[in-house]
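Student: Could you put the whole structure together from the sequences, leaning on the hints where they help?
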Amino acid sequence: MALLTDEVRGYIGIEGPRVAACDIIEAGAVRRYAQAIMDRDEAYHCGRPGVANGRPIAPPLYPVFMFRTPFDAIDYLTERASDPDFDGAVTGVSNGLPELPLHGLALLNGGAEVECFRHPQHGDTIFQQARYADITERMSKSGPMLLVVVDTVYSIESGEPIMRYRKTLIRR
Amino acid sequence: MGHPISFDDIKQGDEIPGLHKGPLTTAHLMRWSSAIENWHKIHYDLPFATGHDKLPSLLVNGSFKQQFIMQLLKDWVGPQGWVWKVNFQFRAMNIVGESLDVWGRVTGLRRMADYGLVDLELGIRNAEGKESTPGTATVALPYRDGPAVPYPFVAPSA
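Each protein sequence line maps, in turn, to chains A and B. For the first sequence, this note's numbering assigns the number 1 to the initial residue and increments by one for each residue that follows. For the second sequence, this note's numbering assigns the number 173 to the initial residue and increments by one for each residue that follows.
Simulated from the structure, these hints should not be mistaken for lab results. Be careful, since some hints might not be right.
Calculated pairs, SDA-like style, for lysine to any residue (alpha carbon to alpha carbon, straight line, at most 25 Å) [unchecked claim]:
no.: 1; chain 1: B; residue 1: Lys246; chain 2: B; residue 2: Pro328
no.: 2; chain 1: B; residue 1: Lys213; chain 2: A; residue 2: Pro101
no.: 3; chain 1: B; residue 1: Lys246; chain 2: B; residue 2: Gly185
no.: 4; chain 1: B; residue 1: Lys246; chain 2: A; residue 2: Ile24
no.: 5; chain 1: B; residue 1: Lys213; chain 2: A; residue 2: Gln35
no.: 6; chain 1: B; residue 1: Lys226; chain 2: A; residue 2: Pro56
no.: 7; chain 1: B; residue 1: Lys226; chain 2: A; residue 2: Ile170
no.: 8; chain 1: B; residue 1: Lys246; chain 2: B; residue 2: Asp186
no.: 9; chain 1: B; residue 1: Lys257; chain 2: A; residue 2: Ala106
no.: 10; chain 1: B; residue 1: Lys246; chain 2: B; residue 2: Ala299
no.: 11; chain 1: B; residue 1: Lys226; chain 2: A; residue 2: Leu102
no.: 12; chain 1: B; residue 1: Lys226; chain 2: A; residue 2: Ala81
no.: 13; chain 1: B; residue 1: Lys183; chain 2: B; residue 2: Ala199
no.: 14; chain 1: B; residue 1: Lys302; chain 2: B; residue 2: Arg277
no.: 15; chain 1: B; residue 1: Lys302; chain 2: A; residue 2: Val8
no.: 16; chain 1: B; residue 1: Lys183; chain 2: B; residue 2: Glu293
no.: 17; chain 1: A; residue 1: Lys141; chain 2: B; residue 2: Lys213
no.: 18; chain 1: B; residue 1: Lys246; chain 2: A; residue 2: Met38
no.: 19; chain 1: A; residue 1: Lys141; chain 2: B; residue 2: Glu300
no.: 20; chain 1: B; residue 1: Lys257; chain 2: B; residue 2: Asp273
Pairwise CB distance ranges, derived in the manner of DEER restraints [unchecked claim]:
no.: 21; chain 1: B; residue 1: Arg282; chain 2: A; residue 2: Ser82; range: 55 to 61 Å
no.: 22; chain 1: A; residue 1: Ala133; chain 2: B; residue 2: Gly280; range: 24 to 30 Å
no.: 23; chain 1: A; residue 1: Glu157; chain 2: B; residue 2: Ser329; range: 25 to 31 Å
no.: 24; chain 1: B; residue 1: Ser271; chain 2: A; residue 2: Glu99; range: 18 to 24 Å
no.: 25; chain 1: B; residue 1: Lys302; chain 2: A; residue 2: Pro144; range: 37 to 43 Å
no.: 26; chain 1: B; residue 1: Glu293; chain 2: A; residue 2: Asp23; range: 35 to 41 Å
Cβ coordinates follow ideal geometry from the N, Cα and C atoms, glycine included.
Tutor: Structure, rendered in structure tokens:
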């Protein structure tokens with residue numbers, strides 16, 4: 001059965017709104033992130049001369065993972081706790097874009113193309129704006145799968161870009 | 173003016189200093205998932221990963237592995253260089269318990285007006301030498317006697 005239906009194909013080119021992450025870049029969250037990736041770069045907690053005017057920064061990909069569940073959002077972990085097919089993926093999948101009608105298909109990370117322009121810095125509010133750049137179907141050893149390409153620009157409040165992140169999601 | 177590393181120090185075929193991570197335990201995966209609030213069960217719920225999603229074990233997050241690639245490049249270029257473009261594909265899974273070695277090799281050098289661009293191939297291999305995350309990158313490095321790479325970085329015109 002084809003996964004790439006006309007309904008799914010109709011999502012190609014859809015662009016979401018420019019939305020802010022629910023939190024600013026804050027020292028405690030940066031510390032937990034840096035400890036998790038095992039990167040002891042001092043620029044992440046006290047700044048470093050010659051890097052972003054000495055202000056503390058966050059790891060390069062930090063903005064990509066800032067779009068989390070805000071206070072007023074539905075708690076899907078609780079709402080779907082008894083659903084045996086719920087995979088737990090609740091945020092950061094489509095970057096503010098409408099979800100694709102692919103209920104029950106597993107989600108895997110296929111990779112990304114990243115282009116960086118400036119450091120994310122402590123205190124910054126980060127915005128994202130995403131677009132479904134492409135959706136194609138391929139045949140794999142385990143059957144058909146969709147490759148969903150989401151192109152997202154991350155920027156600071158002034159609109160200056162921090163990075164462009166073009167990711168490929170595998171749905172099968 | 174001198175830089176810890178400059179474009180003039182680099183030649184095609186150079187291996188850049190590698191980065192070792194691991195062994196990556198369930199605690200490492202859980203710490204990463206918590207840091208980014210990603211509750212995708214394939215990284216911590218073994219019955220779901222193997223039973224529902226038919227995976228061989230808990231997966232090391234792709235989001236986790238890409239951090240290692242960025243760290244490899246960032247640490248190599250230093251504060252006066254810039255990691256401009258990075259491209260990686262998750263071609264094979266890495267599972268909990270594996271140790272990973274992140275590597276990079278210079279494939280091209282381009283002289284620009286104010287700095288040099290270095291093209292690299294890169295990847296992540298497990299202890300058996302299996303490549304899981306092939307990719308490429310382009311970084312900017314200052315010339316030995318030149319200024320630091322301009323910040324914010326402006327992509328050079330093609």
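Student: Next, verify each hint and record whether it holds.
Tutor: Each hint tested on the structure:
no. : hint                              : result
1   : B:Lys246 <-> B:Pro328             : holds (19 Å)
2   : B:Lys213 <-> A:Pro101             : holds (21 Å)
3   : B:Lys246 <-> B:Gly185             : holds (19 Å)
4   : B:Lys246 <-> A:Ile24              : holds (23 Å)
5   : B:Lys213 <-> A:Gln35              : holds (22 Å)
6   : B:Lys226 <-> A:Pro56              : violated (42 Å)
7   : B:Lys226 <-> A:Ile170             : holds (15 Å)
8   : B:Lys246 <-> B:Asp186             : holds (17 Å)
9   : B:Lys257 <-> A:Ala106             : violated (29 Å)
10  : B:Lys246 <-> B:Ala299             : holds (23 Å)
11  : B:Lys226 <-> A:Leu102             : holds (18 Å)
12  : B:Lys226 <-> A:Ala81              : holds (20 Å)
13  : B:Lys183 <-> B:Ala199             : violated (40 Å)
14  : B:Lys302 <-> B:Arg277             : holds (17 Å)
15  : B:Lys302 <-> A:Val8               : violated (35 Å)
16  : B:Lys183 <-> B:Glu293             : holds (14 Å)
17  : A:Lys141 <-> B:Lys213             : holds (23 Å)
18  : B:Lys246 <-> A:Met38              : holds (14 Å)
19  : A:Lys141 <-> B:Glu300             : holds (23 Å)
20  : B:Lys257 <-> B:Asp273             : holds (21 Å)
21  : B:Arg282 <-> A:Ser82: 55 to 61 Å  : holds (57 Å)
22  : A:Ala133 <-> B:Gly280: 24 to 30 Å : holds (27 Å)
23  : A:Glu157 <-> B:Ser329: 25 to 31 Å : holds (27 Å)
24  : B:Ser271 <-> A:Glu99: 18 to 24 Å  : violated (36 Å)
25  : B:Lys302 <-> A:Pro144: 37 to 43 Å : violated (26 Å)
26  : B:Glu293 <-> A:Asp23: 35 to 41 Å  : holds (36 Å)
Comparing the model with each earlier hint shows violations of hints 6, 9, 13, 15, 24 and 25; every other hint is respected.
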